[in-house]
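Whole structure, please, built from the sequences with the hints as guidance.
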Amino acid sequence: MRFVNRKEAGRRLARRLEHLRGQDVVVLGLPRGGVPVAREVADALGVPLDVLVVRKLGVPWQPELGFGAVGERGVLVLNDAVLEEIPLSAARRRSVAETERAELDRRVRSYRRGRAPVPMAGRTVVVVDDGLATGGTAEAACRVVRGLGAARIVLAVPVGPTWTVARLREVADEVICLQPLDRLGSVGAWYDDFTQVGDAEVTALLGAPPAHPDIEVPVGPVRLAARLVVPAPARAVVAFAHGSGSGRHSPRNRHVADVLNRAGLGTLLLDLLTEREEEDRHNVFDVSLLAGRLRAAASWLRRETALPVAFFGASTGAAAALEAAADDSGIGAIVSRGGHPDLAAPLALARVRAPTLLIVGSRDAQVLSLNRLAADRLHCAHRLVVVRGAGHLFEEPGALDTVAALARDWFTDHLARPPADAAQGRPV
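Here the sequence shown is numbered in this note's numbering, starting from 1 and rising by one per residue.
Quick caveat, the hints were computed from the structure, so don't treat them as lab data.
Some hints here could point you the wrong way.
[Unchecked claim] For each label pair, taking beta carbons as the anchor points, the in silico distance ranges come out as:
no.: 1; residue 1: Gly122; residue 2: Ala232; range: 19 to 25 Å
no.: 2; residue 1: His255; residue 2: Asp376; range: 28 to 34 Å
no.: 3; residue 1: Ile86; residue 2: Gly122; range: 31 to 37 Å
no.: 4; residue 1: Asn283; residue 2: Arg262; range: 32 to 38 Å
no.: 5; residue 1: Thr162; residue 2: Glu64; range: 17 to 23 Å
no.: 6; residue 1: Ala151; residue 2: Ile86; range: 17 to 23 Å
no.: 7; residue 1: Glu395; residue 2: Arg262; range: 18 to 24 Å
no.: 8; residue 1: Glu103; residue 2: Asp280; range: 55 to 61 Å
no.: 9; residue 1: Glu64; residue 2: Ser89; range: 16 to 22 Å
Ideal placement from N, C-alpha and C gives every residue a C-beta, glycine not left out.
Structure (structure tokens):
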């Protein structure tokens, strides 16, 4: 089996990893060559991609023999078996670790550009490289991932020596190698195109939005269809709760989401009901059900992205957003477009703590009246903005652009950019 290039190898590898679809998975590429392969795997599975920067701690007089590894967030793992055979003084170990730590920090700054690492604790972590030789780096990576709390580790590569694959099963829960060979030669010999990957390409691949952003969000016994886009770097993620008759494919929601994405805000366009549930009109107006789903989605978003979460609600979706925020003090901000706050639980509005922007069209008289009553009941920082000449759907020329700009400014004003280490530990 030969591979055209790393992208093609990644697509083949993704097919072998289909059994992981729907699980709580993050894909980590080993820089530099492993990142293009990992990008294909992550996109195919619809899961987050990150880079795993590790540095092997090599015995000074035999660098290929690793006595440990250092990883991000101060992780240090030692290979006791090697240290028993080749004793190194504490001073020599410390000197090697300090040197490798400095190089690791340099690479992290180069690749991440201020982005927080994707949390690994409690998750299935797929470690991807473009091939194996001695397996030293892959072993170090698996040890670091274990130190960061991964529940299960899957090492996935297109090609590698049979003996290396067998040995790495001692540090990974599952090893997938598409082409295990008794005689490898070199990894590059099994690719038609094995062009060297540069730092700029790694950074671009990490910052690119997923090629297939349509995903499923697990909420209790159901899985909700959604569209997730998180630009790099992002200050927060906004979950959209649409009204009846709308959904994640709504042109209005997509337009607003695009404006938010360009402002450095991630977006989750979420269908709060399954297709079968939508057939029952009672569900469409069951704000308590919708709010519960939205709260669960917010928790999922925090785990997936380690970013602050905000809500954008329209019509009945705005009621769900307000009710959900009333019981989730972690929501950073709310924007309601033509919302029906009267459908939220009677005492919910008074419990909302997130800064709330209510946007209503001047020609939407009934909804405007309801929003004015709602504003009087809100105890949080809030503002009611009336868009002149707009109706309920904001279909008038320029009306939706005004809504998008108001939402963008409200979110950027009230959502602080998280620090680079915000994702330490599992809160994605």
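For this session: Mind checking the hinted window 17 to 23 Å against the Cβ distance between Thr162 and Glu64?
Result: Roughly 19 Å apart at Cβ, these two residues keep to the hinted range, so it holds.
For this session: With 28 to 34 Å as the target window, see if His255 and Asp376 comply at their CB atoms.
Result: With a Cβ separation near 31 Å, His255 and Asp376 satisfy 28 to 34 Å, so the hint holds.
For this session: Could you see if the CB distance from Glu64 to Ser89 stays within 16 to 22 Å?
Result: 21 Å, holds
Exercise. Measuring from beta carbon to beta carbon, are Asn283 and Arg262 in 32 to 38 Å?
Worked result: 34 Å, holds
Exercise. Is it true that the C-beta distance of Gly122 to Ala232 lies inside 19 to 25 Å, as the hint says?
Worked result: 24 Å, holds
Exercise. When you take the CB atoms of Ala151 and Ile86, is the distance between them in 17 to 23 Å?
Worked result: 32 Å, violated
For this session: Starting from the hint 31 to 37 Å, judge whether the C-beta atoms of Ile86 and Gly122 obey it.
Result: Given about 35 Å between the Cβ atoms, the range holds.
Exercise. Honestly, do Glu103 and Asp280 meet the 55 to 61 Å range at C-beta?
Worked result: 59 Å, holds
For this session: Note whether the CB distance of Glu395 and Arg262 lies within 18 to 24 Å or breaks it.
Result: At roughly 22 Å between Cβ atoms, Arg262 and Glu395 fall inside 18 to 24 Å, so the hint holds.
Checked against the numbered hints given earlier, the structure breaks only hint 6 and satisfies all the rest.
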